[in-house]
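Whole structure, please, built from the sequences with the hints as guidance.
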Amino acid sequence: MSGELLMGGQSLDVADLCVILTYFVIIIGIGIFASCVSKRNTVQGYFLAGRNMNWFLVGASLFVSNIGSEHFVGLAGSGAAGGIGVGAWELNALMLLQLLGWVFIPVYIASGICTMPEYLERRFGGKRLRVYLATLTLIIYCLTKISVNLYSGALFIQQAIGWPLYTSVTLLVCLTGLLTVTGGLTVVMYTDSMQALLMVSGALYLTIQGFLQIGGYYEMKEQYMQTTSNLTYIELQYNITINESDSCIPKPREDSFKMLKDVTDDEMPWLGFLLGQTPSSIWYWCTDQVIVQRALAAKSLSHAQGGTLLAGFIKILPIYIMVMPGMISRVLFTDDLVCIPGEHCMQLCGSAAGCTNLAYPRLVLGVMPSGARGLMMAVMIAALMSDLDSIFNSASTIFTLDLWKRFRKAASNTELMVVGRIFIVALIIISIAWVPIILQFQGGQLFFYIQEVTNYISPPIAAIFLTGILWKGCTEKGAFYGGLCGSALGLARLVTIFLYTPPICGEEDLRPAFLSKFHYMYYSAMLFFVTIIVAVAVSHFTKQPDKDLSRLTYWTRYDESPSMKQIELNPMNGDGKNGDVITNKETGKGDFENNPMLKKETVDEPTDEEMENEMSRWRSIGCGIFRFVCGIRKEGDTSDEPEVVFPTLYQRSREKVLLTAGLVVIMGAGIFLYIFWSV
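Quick note on UniProt numbering: the sequence shown kicks off at 1 and runs consecutively.
Just so you know, the hints here were simulated from the structure itself, not pulled from any lab data.
Honestly, I wouldn't trust all of these hints.
Heads up, simulated SDA-like pairs for lysine to any residue below, C-alpha to C-alpha not over 20 Å straight-line [unchecked claim]: (1) Lys472 - Lys547; (2) Lys409 - Gly125; (3) Lys299 - Glu655; (4) Lys299 - Lys547.
Just the calculated beta-carbon pair ranges, DEER-fashion [said to hold, decoys possible]: (5) Arg408 - Trp555: 20 to 30 Å; (6) Lys127 - Tyr558: 25 to 35 Å; (7) Arg652 - Asp335: 40 to 50 Å; (8) Gln237 - Leu17: 25 to 35 Å; (9) Ala513 - Lys472: 51 to 61 Å; (10) Gly29 - Pro503: 48 to 58 Å; (11) Ala410 - Gln544: 31 to 41 Å.
Every residue, glycine too, gets a C-beta built ideally from N, C-alpha and C.
Right under this line is the structure:
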């Protein structure tokens, strides 16, 4: 091909390749810079970026941690298939990000926790809730989040470049893992900020190009409603006989430009969305480690809330730069995307359910000029890498602090650093091994598949956190058995959807009625309320917690007398030298005078014999490289020992006024957009 790579009928020329190469060089450069300047030699520095991030870095990282390649592929694909309705998830996120900033984060900061399972242990006591949630979260990350990202990213790369599947996936996963392993959350958040700018600018450029090609929004709206399969072309091209009266011939929905639809709608019932999707979204935005970890890295509550506001404003964009480009793609490339389910779709794209997942890649290949194609390729790589590095770092945090220290109570700081990196390597291996399984679950609308699976697992978790934060009377037994009951019901339905797959259009629906007639959003609402009812009932029949809940609920977050559990050293920095700190309300600083144990991190001093033995090992170049990768400083080197840093809840009056004004504006914008697109 004379130096050019085939790109779905187009070709990547020198300009495209230069853009992609430049992107990789910049990202690696940022990663190396952040690795050098970050405090990676403590658990706090590696997993929580030293808790010193400003509002812009927090907001950009919150947005990018959510927007992965599955959003470009899934949102655009659902927009091509069903219209604007899928944008409701983005507006829902816009509002729930503020719930995180104003209700959940103040409690998390006050309690001094690092992970979500750790909060459950502190709030309720006991260990089973913490271990249960940590294990469940890691399973979700390995089998759902990583797999979906790899599938959607590989789908784009295959369509765009034609690289072998395993070559492209392995390269991207390993590069992402390298950045995460060497730098921790600081590197993740710095690269996230770069990738946020790249994703938004690239997607905006593509959207503008798409509207220019089609003639504007109103022209797109008119032409979209006229798109359907070209039956003559299909019969000649694919040797398929089609009955023109066949109900399976895909046509645009009459309510394609309406977001929330009738209560009995099979895709977006408004009541099901409000009652059933909201609990699942609360889990994701307010209790999922990937998201919350970014907010916990903020230097103060004000910066955390500023970050949620920034992320909320950016979340307005996906409707216009992801959903609508999918609709534009359907108009411009109808024959490539609008297929008849079954044999035609299988021949066209390899998925019998539909081909609309190809909408975004097809638009990139069809309308972008030389150089810009490389930019959008870099955008998709950025989306894939940003999501994966967020998952890798958060999963490593949970495994190291919630599981490893559970069984290795005396683990040193060095051991925790090494274990955290090794676990990321293990996740990379699992990710690559999961690729063949991903290929078996190609659906017509990837985004709705993600939501349905998540809605069977997450509502009980959201219910436990809400009752724990908002109701002081909830006991450990109530939370555990409520969550257990909800999870059992959710997993039961999750198993059945894989046993009884939805029929392809024209086939008889053999699924049980509770699958075919009971929409998954309503089932999700049932799981949420059943969990709360069981938790409340069991709590009333069990002994109330005989413990101080200071700084552990929303109503006690400002208590001046934290319980001994909060003053005790928090085992988040190896041997337990890094802990919570009493906050002085007047200065907003940690009150180290009243708690001298927390003035500075200390390191166990080795004996002379141990130092002699260790120094001989560290002299080698190989061990020096290992020390850099794992963030382990030399024995005796205390020049860069960081002081214990904890975000403060104290807010100045001007900060409160500005943040409250921003909250009113963003909530008003969300409500307005819901009404605008739904009436």
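Status of each hint after checking the structure:
{"no.": "1", "hint": "Lys472 - Lys547", "result": "holds (11 Å)"}
{"no.": "2", "hint": "Lys409 - Gly125", "result": "holds (17 Å)"}
{"no.": "3", "hint": "Lys299 - Glu655", "result": "holds (14 Å)"}
{"no.": "4", "hint": "Lys299 - Lys547", "result": "violated (29 Å)"}
{"no.": "5", "hint": "Arg408 - Trp555: 20 to 30 Å", "result": "violated (36 Å)"}
{"no.": "6", "hint": "Lys127 - Tyr558: 25 to 35 Å", "result": "holds (28 Å)"}
{"no.": "7", "hint": "Arg652 - Asp335: 40 to 50 Å", "result": "violated (60 Å)"}
{"no.": "8", "hint": "Gln237 - Leu17: 25 to 35 Å", "result": "holds (32 Å)"}
{"no.": "9", "hint": "Ala513 - Lys472: 51 to 61 Å", "result": "violated (41 Å)"}
{"no.": "10", "hint": "Gly29 - Pro503: 48 to 58 Å", "result": "holds (51 Å)"}
{"no.": "11", "hint": "Ala410 - Gln544: 31 to 41 Å", "result": "holds (34 Å)"}
In this structure, the hints that do not hold are numbers 4, 5, 7 and 9, in rising order.
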